[in-house]
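K.L.:
Sequence:
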Amino acid sequence: MFKKAGEMTTLAHLEELRRVLIISIVTTFVLAAACWIFSDRVMAVLLQPVTATGHKVIYIGITEALFTKIKLSFFLGFLAALPVILWQVWGFVMPALRRREKFYFTVFVFVSYLLFIAGVAFSFLFVFKLGVQFLLRFGGPELLPMLTIGQYVSFAITFLLPFGLVFEMPLAALFLARLDVLHYRTMVRGRKAAIVSVVVISAALIPTPDIMTVMIMAGPMYLLYELSAEIVRLVEWQRRRRRRREEMAGAGDGIAACAGK
Numbered sequence: 001m002f003k004k005a006g007e008m009t010t011l012a013h014l015e016e017l018r019r020v021l022i023i024s025i026v027t028t029f030v031l032a033a034a035c036w037i038f039s040d041r042v043m044a045v046l047l048q049p050v051t052a053t054g055h056k057v058i059y060i061g062i063t064e065a066l067f068t069k070i071k072l073s074f075f076l077g078f079l080a081a082l083p084v085i086l087w088q089v090w091g092f093v094m095p096a097l098r099r100r101e102k103f104y105f106t107v108f109v110f111v112s113y114l115l116f117i118a119g120v121a122f123s124f125l126f127v128f129k130l131g132v133q134f135l136l137r138f139g140g141p142e143l144l145p146m147l148t149i150g151q152y153v154s155f156a157i158t159f160l161l162p163f164g165l166v167f168e169m170p171l172a173a174l175f176l177a178r179l180d181v182l183h184y185r186t187m188v189r190g191r192k193a194a195i196v197s198v199v200v201i202s203a204a205l206i207p208t209p210d211i212m213t214v215m216i217m218a219g220p221m222y223l224l225y226e227l228s229a230e231i232v233r234l235v236e237w238q239r240r241r242r243r244r245r246e247e248m249a250g251a252g253d254g255i256a257a258c259a260g261k
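In my numbering, the protein residues as written are 1 to 261.
Fair warning: there could be bad hints in the mix.
[Claimed, not checked] Cut-off 30 Å, straight-line C-alpha distance, at most; resulting in silico cross-link-like pairs (DSS-like, lysine-lysine):
| hint | residue 1 | residue 2 |
| --- | --- | --- |
| 1 | 192 | 129 |
| 2 | 129 | 71 |
| 3 | 129 | 69 |
| 4 | 56 | 71 |
| 5 | 56 | 129 |
| 6 | 56 | 69 |
Since the hints were made in silico from the structure, they are not lab data.
For clarity, every value in this text was computed on a predicted model and none was experimentally measured.
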């Protein structure tokens, strides 16, 4: 199906990339159309943090409900199409890799998809739901929240997607540590900068001015940073252990050679 990298010209690479993009986009559109069928059920689940508190979500534009449903369908279609998109990327990159690199890249693609879905699920179950219910209580009994469906769904998607990307942090740290590019000591020294960075990133990603929502997202992000640091430390410990074994084996061979003389 895919030609070897050495046999492909620059034009052939561009044509192959074009094919990958077309298949990925068409797959997303087709699965988005399929997701339209059960988008109402997903909408009900997405609205559960609000409806559980006794509040209702409204729409104020004639087309707002329709376009919100389309937006949600494309979001679900993208999640459903992600395995196909990653498979296309895998097929495009694979011919240029050596045998061992192909194995690691295959594992990377598979695990990255699982981590992305896990990040979105974790964000909804343990952060988004609690965060929405917590923030709705701030209005008190005197204020009535008038949430529009378009703004709410946009807020939810913008909140959930970054968690899928952030959950890739431990995997990225593992590969960078394996390449001896990232070190545990560097991550320890960068903790203060990491705290500031996750707050700034959260503020940039979350479409709301209140600090509580930003902190709700920044907290898990920083915990993932600490988890990544521990993964890097484990990789370095394994590397040091392997080097000690090699040194001991080399010393043993030297002693054996001297004894043989």
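K.L.:
Check the structure against each numbered hint from earlier and tell me which ones fail, lowest number first.
P.N.:
Violated hints: none at all, because every hint is consistent with the structure.
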